[in-house]
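Take these sequences, add in the hints, and give me the full structure.
Okay, here's what each chain looks like letter by letter:
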Amino acid sequence: MVNINFYSEEINNLFFMGTGKFRDYNIMKKAIEEANIEVVTVAMRRASYSNTNESILDYINVKKIMINTSGARNAEEALLIAKAGKELMNTDWVKIEIINDSKYLMPDNQETIKACKLLTENGFKVFPYMHPDLYDARKMIENGAEVLMPLGSPIGTNKGFTTKELVKILLNEFNVKIIIDAGIGKPSHVAEAMESGCHAVLANTAVSIADDPVKMVKAFSLAAEAGRLAYLSGMPEEKEVAEASSPLFDYIGRD
Amino acid sequence: MFSENVEKIIKYIEKERKKEHHINLKKDFFAVNEIFGLLENTNLRTMAKKVMKNNRKFFGDVIFLYAPLYISNYCINGCTYCGFKATNKIQRKKLIYNEIEKEAIYLKDAGIDHVLILTGEDPINTDLDYLYNTIKLLKRFFKEVSIETYSLKEDEYKKLISAGLIGVTMYQETYCIKKYKEVHLFGPKSDYKKRLDTIEYAIKSGVREINIGALLGLYEPEFEIIMLAYHMDYLLKNYPEIEYAISFPRIKSAYNVKEKFFNISDKTLIHYILALKLIFPRVHINISTRENADFRNALIGIATKMSAGSTTNVGGYTIYKKSIKQFETEDKRNFQEFINYIKSRGYNPTTVNWF
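Protein sequence lines, in the order shown, are assigned to chains A and B.
Residue numbers for the first sequence follow our numbering, so the first one is 4 and each next one is one higher.
Residue numbers for the second sequence follow our numbering, so the first one is 38 and each next one is one higher.
Be careful, since some hints might not be right.
Far from chain A, by Cβ distances over 10 Å, these chain B residues were calculated [said to hold, decoys possible]:
hint : residue
1    : N78
2    : K87
3    : I127
4    : N162
5    : E193
6    : L222
7    : K304
8    : N329
Using 25 Å as the maximum straight-line C-alpha spacing, the simulated DSS-like pairs for lysine-lysine come out as follows [unchecked claim]:
hint : chain 1 : residue 1 : chain 2 : residue 2
9    : B       : K231      : B       : K216
10   : B       : K145      : B       : K173
11   : A       : K189      : B       : K94
12   : B       : K241      : A       : K106
13   : A       : K106      : B       : K63
14   : B       : K94       : A       : K32
15   : B       : K231      : B       : K45
16   : A       : K162      : B       : K90
17   : B       : K195      : B       : K173
18   : A       : K218      : B       : K94
19   : B       : K358      : B       : K145
20   : B       : K90       : A       : K218
21   : B       : K64       : A       : K189
22   : A       : K167      : B       : K94
23   : A       : K128      : A       : K67
24   : A       : K162      : B       : K64
25   : B       : K94       : A       : K162
26   : A       : K66       : A       : K33
27   : B       : K216      : B       : K48
28   : A       : K189      : A       : K167
29   : B       : K87       : B       : K274
30   : A       : K89       : A       : K67
31   : B       : K231      : B       : K241
32   : B       : K380      : A       : K32
33   : B       : K173      : A       : K86
34   : A       : K33       : A       : K189
35   : B       : K176      : A       : K89
36   : B       : K86       : A       : K189
Per label pair, the in silico range of CB-to-CB distance [stated by the list, open to error]:
hint : chain 1 : residue 1 : chain 2 : residue 2 : range
37   : B       : D331      : A       : E241      : 56 to 62 Å
38   : A       : D61       : B       : S199      : 29 to 35 Å
39   : B       : F332      : A       : E80       : 36 to 42 Å
40   : B       : N334      : A       : S191      : 34 to 40 Å
Just so you know, the hints here were simulated from the structure itself, not pulled from any lab data.
Quick caveat, the model's predicted, so the values are computed rather than measured.
In this text, a Cβ means the ideal position worked out from N, Cα and C, and glycines have one as well.
Structure below.
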């Protein structure tokens with residue numbers, strides 16, 4: 004099995020799904036069910052709670068919902084959203100998403116650091132969406148984060164795991180869980196992130212706007228599982244030149 | 038302030054428009070000075086494909102809906118092109134709070150969660166306290182409340198934000214300084230620079246969403262589009278934290294307005310929209326019910342903000358259905374009909390973008 008604990012909660016499906024961009028809530032629901040998705044993020048600002056509108060929450064039945072503070076521009080707003088989200092969704096998991104750039108949608112690490120502290124003090128389990136910077140990561144961890152969510156590439160771009168070298172530094176340096184969030188476009192990107200030792204992958208655009216989102220979510224889930232299994236199996240290193248598999252070792256025996 | 042450089046930009050634009058430009062549509066990103074080339078290029082199909090692809094990347098399959106709510110048509114300005122102008126002898130109305138509540142209940146029941154409050158421009162009849170109380174009242178019903186009213190100062194916007202205001206719509210009407218003077222005969226709105234600065238006052242006060250536009254038809258439309266591009270470019274560079282939208286209102290005939298306007302065909306307008314969207318892929322395009330149903334249907338996938346089920350008269354949803362409208366809407370579908378249509382096209386109509 005490939006299960007991993009996040010804040011002491013055992014999760015078996017390491018593909019986490021964002022719920023924002025689906026064309027139809029029924030399709031989203033089917034995707035969640037057929038791929039056995041266990042963790043989804045829900046943007047509080049889109050979660051309608053009026054009597055007349057259908058609520059996205061009616062279509063979500065998963066192990067853990069993660070409140071997404073999308074729309075927040077500073078730590079205080081993130082807390083406000085988290086509190087409202089907790090009331091509505093009955094969860095203390097919060098993806099801290101603080102963005103002050105409407106063009107590239109890059110996360111604001113400095114406000115996110117403050118939000119980690121503020122939300123942790125208020126009893127939330129934080130999942131900071133961040134730019135993979137070593138110093139900022141350290142501060143987030145010091146401020147209560149047991150998980151980091153570095154972007155793979157800018158939101159919505161489907162460009163894949165372009166921050167890999169920076170994320171590897173975080174993986175080497177810290178004993179926290181790393182979830183790759185944003186920019187993931189294909190199952191192979193998911194597998195790549197998981198093979199690198201990341202603990203989960205979160206995506207929305209790539210699955211929600213696929214021609215067949217239900218199948219695509221399944222593909223992403225399988226890729227997460229495959230990547231994790233490969234990582235756990237200890238993949239052989241890449242080599243510059245071909246090397247025969249046995250001649251000398253067979254002769255002298257392995258140590 | 039954008040207004041400090043506006044004359045220089047206008048000079049540059051006039052010079053640039055006389056030249057010929059070429060554009061390579063295969064590129065991923067376009068800079069603001071490529072607007073000239075984009076407007077000269079006639080390969081709309083390629084442009085549209087690129088825009089639709091970008092839109093799906095950045096907005097997914099979601100279209101944001103809102104409804105306008107006219108609360109007053111009192112106005113002290115002399116805008117030659119407007120049915121609400123002070124010199125027009127029309128019955129003036131301003132909704133009292135009970136009436137606003139009645140309209141709000143109607144819209145809420147229809148499924149609306151984002152309203153845009155509109156008034157004529159009269160700081161006495163619709164003073165700051167009235168706007169403040171209206172926003173407070175509407176926040177009991179709706180998640181998002183935006184406003185389109187007369188120019189306010191920074192601290193005045195701050196007061197409205199404290200009541201729950203999220204967004205400000207402010208059209209420059211025309212970016213041509215000379216034309217602006219010609220069509221705004223009197224009243225506080227006749228100050229071009231003040232009008233232009235208002236957007237930045239709103240931003241500095243902490244508003245989240247900004248919607249800008251020019252009233253297409255007052256002056257040469259292509260000039261207006263290029264100016265819009267430069268205005269938006271300035272705003273994005275200086276205030277990147279705001280969620281922006283651009284509207285493309287085409288002027289419509291109104292009560293006791295006799296002027297001749299520039300005509301903009303559907304195809305030309307679509308060309309303008311595509312050109313701006315290639316430069317600003319993350320900016321919303323807002324298409325109101327002022328446009329007809331066919332046109333709006335065609336733009337689903339390009340536009341990401343749309344009004345629905347609108348009336349443009351004060352109290353027009355429930356109380357004064359027959360009162361004078363600011364202009365006639367073309368898309369007469371009610372909210373539910375429009376939602377159903379959006380769904381049939383494979384998009385998810387969303388009524389909220391903030392809480």
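Which hints from the list above does the structure break, by number from lowest to highest?
Violated hints: none at all, because every hint is consistent with the structure.
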